[in-house]
Every structure is written in structure tokens, then in C-alpha cells.
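S.K.: Listed here are the chains, written in short residue letters.
Number of protein chains: 2
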Amino acid sequence: MEKAYLLLNHGPTVLISCAYGDERNVIAAGWCTVLDYTPARVLVILDKQGYSHQLIKKSGEFVMMLPSKAMAKLVLQVGACTGSAVDKFAAFDMPILPAKTVVAPLINGCLAFLECKLIDEPHNQDTYDLYIGEVTCAWADPRVFSNGRWHIKDESLRSIHYQAGGQFFAIGDSFQVEE
Amino acid sequence: MEKAYLLLNHGPTVLISCAYGDERNVIAAGWCTVLDYTPARVLVILDKQGYSHQLIKKSGEFVMMLPSKAMAKLVLQVGACTGSAVDKFAAFDMPILPAKTVVAPLINGCLAFLECKLIDEPHNQDTYDLYIGEVTCAWADPRVFSNGRWHIKDESLRSIHYQAGGQFFAIGDSFQVEE
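So the protein sequences, as listed, match chains A and B.
Taking our numbering, the leading residue of the first sequence gets 1, the next gets one more, and so forth.
Taking our numbering, the leading residue of the second sequence gets 1, the next gets one more, and so forth.
Everything labelled a hint here was simulated from the structure, so no lab data went into it.
Note that the coordinates shown come from a computational prediction; the quantities given were computed from them, not determined experimentally.
Incorrect hints may have been included.
Note that identical chains are pooled: a pair holds if it fits in a single copy or bridges any two copies.
Using 20 Å as the maximum straight-line C-alpha spacing, the simulated EDC-like pairs for lysine to aspartate or glutamate come out as follows [said to hold, decoys possible]: (1) LYS57 to ASP173; (2) LYS73 to GLU178; (3) LYS153 to ASP173; (4) LYS48 to ASP129; (5) LYS73 to GLU179; (6) LYS58 to GLU134; (7) LYS88 to GLU23; (8) LYS57 to ASP22.
Full structure from sequences and hints, please.
M.R.: Okay, structure coming up:
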């Protein structure tokens with residue numbers, strides 16, 4: 001039972017950035033999903049650590065980013081240290097970009113950005129570490145996403161799905177099914 | 001913005017079965033994730049349709065199943081009709097197995113089963129169609145999962161990740177990253 005989570009642990013891994021005042025942070029999260037189409041909403045479960053929770057609660061916003069396979073090492077690095085002691089953006093020399101609708105920065109090279117305003121749900125946040133965001137701006141790299149569909153051909157641009165112990169899956173090829 | 005959900009729409013697609021009294025149903029869901037390790041908890045967003053919601057609320061349980069690529073057509077079929085009018089298990093000739101801890105049936109051939117007791121969260125259920133389950137029994141096919149890791153080699157046994165319009169991604173190959 002303590003490994004049951006692994007059975008569903010290969011949704012896309014995301015990076016979550018947040019900022020409040022002079023503070024900013026980025027963390028890795030393996031547990032996220034879409035919550036609704038309209039309004040566009042997403043949810044993410046944040047690891048038990050106070051720093052990002054605080055920044056997100058205080059600022060009421062975050063950015064969900066989809067890293068590529070080329071960024072897998074960065075994802076591990078970001079997940080292995082706490083932002084309360086170090087500015088990870090500087091420590092790992094991340095190329096950042098300003099977001100359009102939130103203060104938290106974007107990390108250049110990601111396949112997609114979802115800028116989000118936090119929907120205040122204290123019970124979900126406190127009980128489950130579950131944060132719900134309403135998407136205020138969305139962008140995807142046109143090399144891999146256009147006309148509403150992913151079309152990832154380049155190996156280094158595959159989305160990644162964390163398993164455990166430094167092991168990821170890359171997303172595979174697409175296939176069409178007729179009913 | 002109305003396509004923002006597609007940016008994260010490739011977590012694993014699951015089948016959700018439920019039963020209450022003589023009624024039973026199975027639906028497809030693309031939006032699910034893990035919620036916690038211990039106790040093992042998962043969450044799933046269910047499409048707006050009353051039948052499965054009712055069965056899950058009345059029975060307080062459901063099964064989350066991970067279909068293989070070989071089952072992709074079945075996933076589409078299950079998602080394209082409502083169980084209030086037809087017994088999908090019979091209509092699509094699904095080989096079912098009894099679960100160990102819940103009444104809802106398992107569909108033979110899936111890569112993993114997560115039997116779940118519903119955690120009663122009326123606000124999440126009513127506002128977001130978000131259902132949280134505590135895992136009471138978990139099983140994965142040892143051909144593709146053992147010692148706490150997925151190792152999917154056979155093309156037909158890859159997990160599948162729904163995009164839209166009958167198009168899926170299969171999960172790709174795993175890779176190891178050293179920090």
C-alpha cells in the first residue's frame with residue numbers, strides 16, 4: 001500500500017513557480033491535473049514544505065510549467081533543495097522570463113506555461129496540500145503544440161513523467177483510435 | 001484559454017468503475033492524480049453526468065483502473081455512452097473480476113487496479129466534480145510493474161494518455177537522471 005501512489009505516478013511532471021515581494025521560488029511537482037475546461041482550472045499537490053505554500057497563499061498566484069526532457073536534471077535539482085535557503089533561479093542559472101498576468105517568473109525552455117490565480121480553498125490547502133488555480137494566461141511552444149494538439153517529435157522536447165529514484169518516463173508517440 | 005486544459009491533458013487515462021445494489025457502471029477519466037502517499041489517496045475529476053456520481057456517492061466506493069494501449073478503443077467506447085441506459089460491461093463484453101475490498105468490478109486486462117473508499121467531501125464533489133478516494137487495495141500487473149517500478153516494454157501494455165479527438169499518447173521509454 002505504501003507504493004500504491006506509484007501506480008498513477010506518471011502524469012506529467014511540472015514546475016511550479018511563485019513569488020511574493022522580493023521572495024520567489026520554484027518547486028517540482030509530480031501530482032497535478034486539469035480540473036475544468038471553462039473556466040480553465042488546474043490543481044496541484046505541493047510537497048510538504050512551508051516556503052512555497054506561504055508564497056502562494058500570500059500572493060494568491062502561481063505558474064505551472066511543463067518542463068521538457070532536456071530539463072529533467074533541473075527538475076531533480078529543483079526538487080532536491082528548499083527555496084527558503086537559496087534562490088534556486090540563481091543557483092541553477094535558470095533563464096527566466098516575465099509572466100503576463102502574475103508576478104512569479106517563467107522558466108525559458110519549458111513546453112508550456114499556465115499562469116494561475118489561486119482559488120482560495122483553505123480546507124483543501126490545509127488538509128490535502130491541494131492548490132487550485134484558475135488559468136489567467138496559457139502558452140505552449142508552437143514547435144510541439146499547435147491547433148489544440150501536442151505533436152512532439154524531437155526527443156529532447158518530450159514531456160516527462162517522474163517515477164522515483166531519478167527515473168522518468170518520456171511521453172511516447174501518439175496514436176489515433178477510431179471508435 | 002478554452003484549450004488550456006490540453007496543456008496538461010496527458011496524465012494517464014483511467015477507467016473508473018462503481019456499483020450500488022444491482023446497478024454498476026464504468027466511465028473513462030483523463031483527469032486524475034495521486035493525492036498522498038500515506039494513507040494512499042487518489043483523486044479523479046468525473047465528467048458531468050449524474051449516473052456514476054450517484055453510484056459512487058451512494059456506495060462510498062469506486063475502482064480506478066489503468067487501461068493498456070490494447071484497451072484504447074474500449075476506453076473511447078466507454079466514454080462515448082452513458083451507463084444509465086446500458087450496462088457497459090455487458091454491451092462491450094468486458095471480462096470482469098471481483099474486487100477484494102469493494103463491490104465495483106475490476107476489468108481484466110488493466111495494468112493496475114486501485115480499489116478506493118470515497119472520502120466524503122461534498123464541497124469538492126459538488127463544486128468541482130472532484131472525488132477523493134483512500135486506496136484500500138492496490139494491484140499492478142507484474143509483467144509491467146515490480147519492485148516499486150514500472151518497466152513497460154511491450155507496446156500493447158503501455159499506459160495511455162488521452163489527448164482529444166480519439167488521439168492518445170502511449171507512455172514512452174524510461175530514462176535515468178543523475179543529479
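S.K.: Hint by hint, note whether the structure agrees.
M.R.: The hints, checked one at a time:
Within a single copy, LYS57 and ASP173 get their C-alpha atoms no closer than 38 Å, and across copies no closer than 37 Å, so neither meets the 20 Å cut-off. In the homo-oligomer, the alpha carbons of LYS73 and GLU178 lie at most 20 Å apart only across protomers (7 Å), although the nearest pairing inside one protomer, at 38 Å, exceeds that limit. Taking the closest pair of Cα atoms, LYS153 and ASP173 come within 20 Å of each other both inside a single copy (8 Å) and across two copies (14 Å). Taking the shortest alpha-carbon separations for LYS48 and ASP129, only the intra-copy value of 7 Å comes in at or below 20 Å, while the best inter-copy value is 25 Å.
Proximity of LYS73 to GLU179 under the C-alpha cut-off of 20 Å is restricted to the inter-copy arrangement: shortest distance 6 Å between copies versus 39 Å within a copy. With identical chains, the CA atoms of LYS58 and GLU134 are at most 20 Å apart within one copy only, with a shortest distance of 16 Å there and 30 Å across copies. For a Cα distance limit of 20 Å, the shortest separation of LYS88 from GLU23 inside one copy, 11 Å, qualifies, whereas the shortest one across copies, 53 Å, does not. Taking identical chains as interchangeable, the C-alpha atoms of LYS57 and ASP22 lie at most 20 Å apart only when both belong to the same chain, with a minimum of 15 Å there against 46 Å between chains.
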